[in-house]
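Trainee: Listed below are the residues making up each chain.
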Amino acid sequence: MMLPAVVKRIFLVTGIMLVFLGGAMLLGVSMGSSGAGWVAIKESVSALNDPGSPLHSIIWKIRLPRVLLAALVGAVLSLGGLVFQALLRNPLAEPYILGISGGAAIGAIIGIMIGLTGLAGSWILAFAGGMTTLFIVLGIVSGATMMKKESLLLSGVMVNAFCSAVIMFLISLTMDARLHNIMFWLMGDLSSAGPREITWLAIAVLPCFLIVFRVSHAMNLLLMGRDMAHSMGVNVRLTTVGLLVLTSFMVSTTVAQVGLIAFVGLVVPHLLRLLLGPDHRELVPACIFGGAGYMVLCDLLARILPRHGEMPVGVITAMVGAPLFIYLLRRSSS
Amino acid sequence: MKPAISVENLAYAYPDGTHVLRGLDFNIAGGSFFIIIGPNGSGKTTLVKIIAGLIRPGQGRVDIMGEPLRAYSRRAIARRIAYVPQQTAMDFPFFVSDAVLFGRAPHLGAFGIESGEDRELARQAMAFTEVDHLAGRRIDQLSGGERQRVFIARAICQAPEIILLDEPTASLDIAHQLRVMDLMEKMKAEKGITVVMVSHDINLAAMYADALMLLQRGKLVAYGEPGDVLTYQTLEDTYGCRLLVDESPLGPMPRVTPVPGRYIL
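Protein sequence lines correspond, in order, to chains A and B.
This note's numbering puts the first residue of the first sequence at 2, with every later residue one more than the last.
This note's numbering puts the first residue of the second sequence at 21, with every later residue one more than the last.
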C-alpha cells in the first residue's frame, strides 16, 4: 500500500526523534554523579546484569524514574510552547514567558500551604492558577493588540514578575517543612517524584498529546488566520479554547510536580521548525519526542556538571534558551 | 439558472447596536460573476463574511444552493464555498505547495492526511492560476500578485461551487489586477464556479461583472447589470463626489471617471 507523503514524513520524523530520545535516555540512565563518560556507560551496562550491585538499584530506583520524568516534562513543555506559538501566532510565546507556569506555581504552593495532600488537590489548584494567569495575559492584550508580538510578551513578563513576587511572599509567610526545597523547585526539580507521581503525570498528559496531534492540521490552518481557518471548516473557537485549556492543564500539572523550567517551549519548537518547516502534523510528534530527549540531556548536564550534588535543571534550560530568545526577538523586530 | 446564493431581508448589527447591514434582498445566479461595490464602511466585507458562514446574520435568511445556510455544518459550507480574505497571516510561512494543498482540508478525514489524489488536485489548481513554478517557494517570498494567485489556487483546490473574494485586486498593479480578474472569468467559464467579489475598482467591475451590487451604509442602493447600476446619479449620491460616466472605448459598458476636487456633502 502506498502511504500518503505526509504520513511517510510523520513516521520518518517520529522515528528519528525516537532514536534521539532513546539515545538520550540511555545516556541519562547510565551516567550520574558517580561518573560520566564511557567508563560509566560500560559499568552501567554490566551492572544491569548484576542485581546485587549498588549501581543496579541506582539505575532502576533513582535514575530511570528521573529520566522518565524528565522525558515527560520535556515533552509537555515543548508541546506547550508549540501550541501557544501557533494559537497566538507568535514565535516567542511559551508557557513560562506567558506567565502560565508562574500562575500554576502559585496554585501549587497554595495547595501545599493549605495542606492539600495528594496529587489531585495541588494539580487542580495549579491548573486554576495557570488558567487565571493565561486569561489575565490574554485579557491585557485582547482585541487589536493581540497580534502585536511585543505587547503579548511584555504582559507575560509583567504577570510573571508579579507571580514571582507572590511566590516569594507566600514562601516568606510560611516556614512549612514541605517547602524547604522551594528554591530548588523554583528552577526545576526533577528529583522529587517517585514512580507513583510519574505514573499519574503520564496518565494525565499522554491523552493530551493524542488530542493535540488530532488537531495538528487545524493548527496549520489557524496559522493562516482565523477567518481563513474557519472558512476551511475548522471550528476556530472550540479548537482555540480547547487547546489553550488543554495546554494549560498539561503545563500546570507538570509545574505542580517539578517546578518552574523556563524556555524549553521556546528552544525545542524553534529548532524543529528550522529543521522540518511549519507543518504541525510533523512538529507535534517531533516536539513530543524531541522535547523529551532535550530535557533528558539537560537534566543529565544538571546532574553531572556540578562537583557536588546537582543544580536545578532550569539553570541549563535558561542558559540555552534566554540567548536564543533574545536572538529571535531581535530578528522578529527587524 | 437557479440562484447559487439567495438573500432575504438580511440585517446585521455590531453588539454595540451599530447597524452594518439592513434589509438586504438579492439573488446571485449560479455560475455568474457577481461584484459588490460601495464606499468604505458600507458593509461589503461583513456581507461576504456572512455568506461565507463566518458571521451569523442578525436577522434574515441566506440560502446557499437552495438550502438555508444555517442547515450546513462548518465543513459542509467549506466544501461548497471557498473564501479568500483581504489579508492572510504569514508569521509562520508555509511553502506554496503546502498552502495550496491546505485547500483540501474540508474534504479530509480526522487527522487531516492528504492522499495522492489531493496532491494532484493541488497541482492542477496551481497550474490553473499559473503558480506551479512557485511551488517550492515560501509564501512570504512572493510578490503581492503571485501571493494572491496562490491563495486563489488554494480556494480552487477546495473544489467549491462558490468562491468569495474580498478585494483581491487591492494593492496590485494594473497587470496583476487584470490577471486576477481574467482568472475569475476563466474559473467561471471553465469550472462553472460562481464568483462573488468585493471590489473598489468600479471600472474593472463594469468590465467583468455579470451583475453588480452597490451598497451604501449597509443598504442596497442598486443591483443589476453594470449598465443599470453605474449611472452618474446613483454613483454621485453614493460616493459623494462628482463623477463622469460615459461609454467605455472598449465596448458597450460604462466607464467612470472621477472629477478631482468636487465633493458633494
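These aren't lab readings, by the way, just hints derived from the structure by calculation.
Worth double-checking, as some hints may not be accurate.
Unchecked claim - Using 20 Å as the maximum straight-line C-alpha spacing, the simulated EDC-like pairs for lysine to aspartate or glutamate come out as follows: (1) A:LYS9 - B:GLU137; (2) A:LYS9 - B:GLU181; (3) A:LYS9 - B:ASP45; (4) B:LYS239 - B:GLU28; (5) B:LYS22 - B:ASP118; (6) B:LYS211 - B:ASP111; (7) A:LYS62 - A:GLU311; (8) B:LYS239 - B:ASP118; (9) B:LYS211 - B:ASP257; (10) B:LYS239 - B:ASP36; (11) A:LYS9 - B:ASP118; (12) B:LYS22 - B:ASP45.
Trainee: Against the 20 Å threshold, does the CA-CA distance of LYS211 of chain B and ASP111 of chain B hold or violate the hint?
Mentor: Judged against 20 Å, a Cα distance of about 33 Å means the pair is violated.
Trainee: Below or equal to 20 Å on CA atoms is what counts here, so check LYS22 of chain B against ASP118 of chain B.
Mentor: violated, 35 Å
Trainee: Could you grab the alpha-carbon distance between LYS9 of chain A and ASP45 of chain B and see if it respects the 20 Å cut-off?
Mentor: violated, 51 Å
Trainee: Within 20 Å, alpha carbon to alpha carbon, are LYS239 of chain B and ASP118 of chain B?
Mentor: At roughly 40 Å apart (the allowed maximum being 20 Å), ASP118 of chain B and LYS239 of chain B break the hint.
Trainee: Is the hinted pair LYS211 of chain B and ASP257 of chain B satisfied, with a Cα-Cα distance of at most 20 Å?
Mentor: violated, 37 Å
Trainee: What's the verdict on LYS9 of chain A and GLU181 of chain B, does the C-alpha distance respect the 20 Å limit or exceed it?
Mentor: Roughly 32 Å between the alpha carbons, so the hint for LYS9 of chain A and GLU181 of chain B is violated.
Trainee: Against the 20 Å threshold, does the CA-CA distance of LYS9 of chain A and ASP118 of chain B hold or violate the hint?
Mentor: The given pair, whose Cα atoms are some 15 Å apart, holds under the 20 Å limit.
Trainee: Mind checking the alpha carbons of LYS239 of chain B and GLU28 of chain B for me, to see if they're no more than 20 Å apart?
Mentor: holds, 13 Å
Trainee: Does the alpha-carbon distance linking LYS9 of chain A and GLU137 of chain B stay inside the 20 Å limit?
Mentor: holds, 16 Å
Trainee: Measure nothing beyond the straight line between the CA atoms of LYS239 of chain B and ASP36 of chain B; if it is 20 Å or shorter, mark the hint as holding.
Mentor: Roughly 19 Å separates the two Cα atoms, so the pair holds.
Trainee: For a C-alpha distance cap of 20 Å, please report whether LYS22 of chain B and ASP45 of chain B respect it.
Mentor: holds, 16 Å
Trainee: Is LYS62 of chain A close enough to GLU311 of chain A, meaning Cα to Cα at most 20 Å?
Mentor: This hinted pair holds, its Cα atoms lying about 18 Å apart.
When held up to the earlier numbered hints, the structure conflicts with 2, 3, 5, 6, 8, 9 and fits the remainder.
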